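*Asks:* Sequence:
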Amino acid sequence: MSGIQRTALVLTIIGAINWGLIGFFQFDLVASIFGGQDSALARIVYGLVGIAGLVNLGLLFKPSPEISREPETKPTR
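So for the sequence shown, our numbering puts the first residue at 1; every next one is plus one.
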């Protein structure tokens with residue numbers, strides 16, 4: 001996994017936690033840290049989380065190394 005994919009995964013997890021807080025407690029952590037949903041910093045974070053989600057779409061369709069390998073054949077005697 002590349003550094004960009006790891007960063008995207010971390011941002012996606014942050015977004016998932018934020019949406020969980022919104023869904024369960026009606027509390028937007030990003031907005032409260034950065035001064036409201038309309039602040040420039042909050043909008044940047046929301047945008048980065050959205051881009052990270054798109055980057056992670058590639059991971060969904062990437063073949064797993066275990067699946068893509070050919071099975072080993074044993075010689076018969």
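Accuracy of the hints is not assured; some may be wrong.
Label-pair restraints from in silico Cβ distances [unchecked claim]: (1) 41 - 20: 13 to 23 Å; (2) 72 - 29: 41 to 51 Å; (3) 40 - 10: 20 to 30 Å.
The set of hints was computed from the structure by calculation and includes no laboratory data.
Every value quoted in this text rests on a predicted model; they were computed, and no experiment measured them.
All C-beta atoms, glycine included, are put in the ideal place defined by N, C-alpha and C.
*Asks:* It remains to establish, for every hint, whether it holds in the given structure.
*Replies:* Hint-by-hint comparison with the structure:
1. 41 - 20: 13 to 23 Å: holds (21 Å)
2. 72 - 29: 41 to 51 Å: Given range 41 to 51 Å: holds, Cβ gap about 49 Å.
3. 40 - 10: 20 to 30 Å: holds (22 Å)
Violation of the numbered hints given earlier is absent; every hint is satisfied by the structure.
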